[in-house]
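Visitor: Chains as they are written, first to last, in the numbering used here: chain P, 1 to 204; chain U, 1001 to 1204; chain V, 2001 to 2204; chain Z, 3001 to 3204.
Careful, some of the hints might be misleading.
On the chain P side, residues computed to face chain U include the following (Cβ under 8 Å) [what the hints assert, rightly or not]:
no., residue
1, THR102
2, ALA148
3, VAL151
Partner residues aside, some chain P positions facing chain Z, computed with beta carbon under 7 Å [unchecked claim]:
no., residue
4, GLY47
5, GLU118
6, ALA122
7, GLY125
8, HIS129
9, THR131
10, PHE138
11, GLU186
12, ARG199
Straight-line distance between alpha carbons at most 20 Å, and here's what the computed EDC-like set of lysine to aspartate or glutamate pairs gives [claimed, not checked]:
no., chain 1, residue 1, chain 2, residue 2
13, P, LYS183, Z, ASP3143
14, U, LYS1183, P, ASP57
15, Z, LYS3183, V, ASP2057
16, V, LYS2183, V, GLU2134
17, U, LYS1183, U, GLU1118
18, P, LYS121, Z, GLU3152
19, V, LYS2198, U, GLU1118
For the record, the hints were derived by calculation from the structure and aren't laboratory data.
All C-beta atoms, glycine included, are put in the ideal place defined by N, C-alpha and C.
Number of protein chains: 4
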Amino acid sequence: MQRTFEDWALELVKAGQILYAQGMVPVTSGNLSARLAPDSIAITVSGTHKGHLTTADIMQVDAAGVSRDGRRPSAETGLHLQLYRRFPDTHVVLHHHSLYATLISQSIQDRVVFENYELLKAFPGIDTHATRLEAPVFVNDQDIPRLAEKVEAYMDAHPRIHGYLISGHGLYTWGDSVETALKHVEAFEFLFKCELMKRGVSPP
Amino acid sequence: MQRTFEDWALELVKAGQILYAQGMVPVTSGNLSARLAPDSIAITVSGTHKGHLTTADIMQVDAAGVSRDGRRPSAETGLHLQLYRRFPDTHVVLHHHSLYATLISQSIQDRVVFENYELLKAFPGIDTHATRLEAPVFVNDQDIPRLAEKVEAYMDAHPRIHGYLISGHGLYTWGDSVETALKHVEAFEFLFKCELMKRGVSPP
Amino acid sequence: MQRTFEDWALELVKAGQILYAQGMVPVTSGNLSARLAPDSIAITVSGTHKGHLTTADIMQVDAAGVSRDGRRPSAETGLHLQLYRRFPDTHVVLHHHSLYATLISQSIQDRVVFENYELLKAFPGIDTHATRLEAPVFVNDQDIPRLAEKVEAYMDAHPRIHGYLISGHGLYTWGDSVETALKHVEAFEFLFKCELMKRGVSPP
Amino acid sequence: MQRTFEDWALELVKAGQILYAQGMVPVTSGNLSARLAPDSIAITVSGTHKGHLTTADIMQVDAAGVSRDGRRPSAETGLHLQLYRRFPDTHVVLHHHSLYATLISQSIQDRVVFENYELLKAFPGIDTHATRLEAPVFVNDQDIPRLAEKVEAYMDAHPRIHGYLISGHGLYTWGDSVETALKHVEAFEFLFKCELMKRGVSPP
């Protein structure tokens, strides 16, 4: 874990390219971060295009979200920091904004429930399809501290969580590495599509 | 802003390739333009394939739409010029013809309304999801001056507009650069898909 | 029009690659032909994979469908020859087997009707959206001469035709060149998707 | 058929890349195998990402599933071996986990029936659309021997089978070569999409 800021920034740049190629961060949506050290978070600068990032578009903030170089981090930095505080093993937080995440967050209220999917085994601690994973849906809010409070209350009550949705906005998910966090994005995306299509597909 | 005609033509060629790769200008549909100077507009020649453009497929017209080289510009040149007259900061107008723009323009009458999308912040002057953006839908007409009159009347009454649909035909959107106009295409396309899928996806 | 057999074969190989890349000729479905001379048709050998064709997979038959080299042409050669007999200007016939052609041919009986699409202008002789184009749907039949008879009767009664569907099987369309025939494939594909989605998308 | 283990491993690596590029093996789902000799099966190591395989991710087991190198093969090895026992001509088994295989396995109980598709001719022994092919759907089970028993009972009763679904999990299909097995994946995928879309698309 002796990776430098540059190493992490490069990994976030690549993650942005992967997400953009899959249509998950349209226009300048989404934001990406990595925890380098307890008091040092690498995060995308506000307003950048996630498919065309360079390492110059990645900046550092401290654990309180204070910029280390005067630039403005992603507006939703507080949501990233909250996850790093709660999950000591989490090193990467990805927020994407796909069509399916947006649609499911607007079609379903409160929570999306996934059951009987073999792919649930993609999440840590799950080794059977015969389980239930819940992704809460929060009402969108431009007031990030107020939104963070609602997320905090939910996570206090539901410690088993691998991602959450913000209505009309997208998904937050995380992991111990960029690779793991991208796996979670891929798994959630698959599950969102399944749930949406099931609602449009009536069994005979 | 000392870009030459060749510079602008090359940008339009690239925009055509981007739009075609995304299925947004099937067959020879769509047209693209850029305002080089108050009296000089670069625009695609009539009937060209937008995915295979070369700079030779881009021609110049004056502010009244008169060809500078004898070739025939896109049949809908009048719709481009109208937008340049109204919006002094607009340098690029893109008309695409995607499946989703076509479908939504035929499924919804008069106007498509977008609300509670974080992605609305992609448009200039919008900084919250808690707003309402309207894209009017005009009945298709091969008589372009008559169609332009209806667009004009709508824009007089609704100054906040970032794009409009023509039924069974596609979207017009614009911006201060090719990059901005493509961002608007991308954002509208995302919103069209969401609205269409919501109509096919019944919430539980 | 002094192109050799090799020239035409190469064009059909490229058309196969284009169609396969777009998912229009899954597995070994589809067949492609070109008329070199009144009594000489280049056509894909039976059972070939249209995405991996080489010019060795293209053979010649005469106007009666008799093989010039002993190999067996596509089972549906008779349907190609029928079109060359009827349309003197037609030099290329493409039969593809896309998901949407298959679906629409199974969802709609007798004929698919397209109205109020700007893209109808992609077909020769159509210069307005305010028209009506019909694509007949024939019941699938492994007995090609019997199927050809039904197509013949339809075309006698409806001279304005740019393509026809066989149920559960796909589309036949044609043109004066590979480029034109591919344009017709692209236009029909767009129209099929629109019509299918409209049936799944309920207007508000 | 003098291919070495390395030859087969390389073919499975390529099959994994093809399946991943088409979204058919998300995250670390799916598994792939080839029978080199009666008592020697090449199979993917447990937990590997099928889109990023190297030949080092392919291991050997004997006909009873015993590892030849101490590594752990895919959890579902027993399902592969069962198919090799039953079908002497089968050299390749592919299990994929696409969106459509997952969805159809959850939307339809017991069996999916395909009729009147020209593409049914892609399967060995079928030479007309006027037939009926059935793909059974088994309830998912982490107990592989118990699941294999149900598959065995079905195959005893229904000898004409080219693939089966596990609910919420995906498809098993097979063939005498990687090429043939991939053709069957492609054909099933096409048929799954058609059947799903028909359920979402109401004929007029």
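Visitor: Run every hint past the structure and note whether it holds.
Guide: Hint check results:
Annotation: THR102 (chain P) was flagged as interfacial toward chain U, and the flag holds, the nearest CB pair being 6 Å apart, inside 8 Å. Hint on ALA148 (chain P) is violated. Least Cβ distance to chain U is approximately 16 Å, over the 8 Å limit. Using the Cβ-Cβ criterion of 8 Å, the hint placing VAL151 (chain P) at the interface with chain U is not satisfied: the shortest such distance is roughly 16 Å. Below 7 Å, beta-carbon pairs count as interface contacts, and GLY47 (chain P) has none with chain Z, the closest being about 31 Å; its hint is therefore violated.
For GLU118 (chain P), the shortest C-beta to C-beta distance to chain Z is roughly 4 Å, which falls under 7 Å, so the interface hint holds. Satisfaction of the interface hint for ALA122 (chain P) is found here, the shortest Cβ-Cβ separation to chain Z being roughly 4 Å, below the 7 Å cut-off. Of the supplied interface hints, the one on GLY125 (chain P) is violated, with its beta-carbon coming no nearer than about 15 Å to a beta-carbon of chain Z, more than 7 Å. Interface restraint check for HIS129 (chain P): the shortest CB-CB distance to chain Z comes to about 5 Å, inside 7 Å, so the restraint holds.
At a threshold of 7 Å, the smallest CB-CB gap from THR131 (chain P) to chain Z is about 11 Å, leaving the interface hint violated. A cut of 7 Å between beta carbons decides the hint on PHE138 (chain P): the least distance to chain Z is about 25 Å, and the hint is violated. Interface hint at GLU186 (chain P): satisfied, since its Cβ lies 5 Å from the closest Cβ of chain Z, which is below the 7 Å cut-off. Violation of the interface hint for ARG199 (chain P) is found here, the shortest Cβ-Cβ separation to chain Z being roughly 10 Å, above the 7 Å cut-off.
With a C-alpha separation of about 25 Å, the suggested pair LYS183 (chain P) and ASP3143 (chain Z) falls outside the 20 Å cut-off, and the hint is violated. Restraint check: the Cα-Cα separation between LYS1183 (chain U) and ASP57 (chain P) comes to about 19 Å, which is no more than 20 Å; the hinted pair holds. With a CA separation close to 19 Å, the supplied pair LYS3183 (chain Z) and ASP2057 (chain V) stays within the 20 Å bound. At roughly 17 Å between alpha-carbon atoms, LYS2183 (chain V) and GLU2134 (chain V) fall within 20 Å of each other, so this suggested pair holds.
For the hint pairing LYS1183 (chain U) with GLU1118 (chain U), the CA-to-CA distance comes to about 14 Å; that is within 20 Å, so the pair holds. Among the hinted pairs, LYS121 (chain P) with GLU3152 (chain Z) is inconsistent with the structure: their alpha-carbon atoms are about 26 Å apart, more than 20 Å. About 27 Å separates the Cα atoms of LYS2198 (chain V) and GLU1118 (chain U), which puts this hinted pair outside 20 Å; it is violated.
In this structure, the hints that do not hold are numbers 2, 3, 4, 7, 9, 10, 12, 13, 18 and 19, in rising order.
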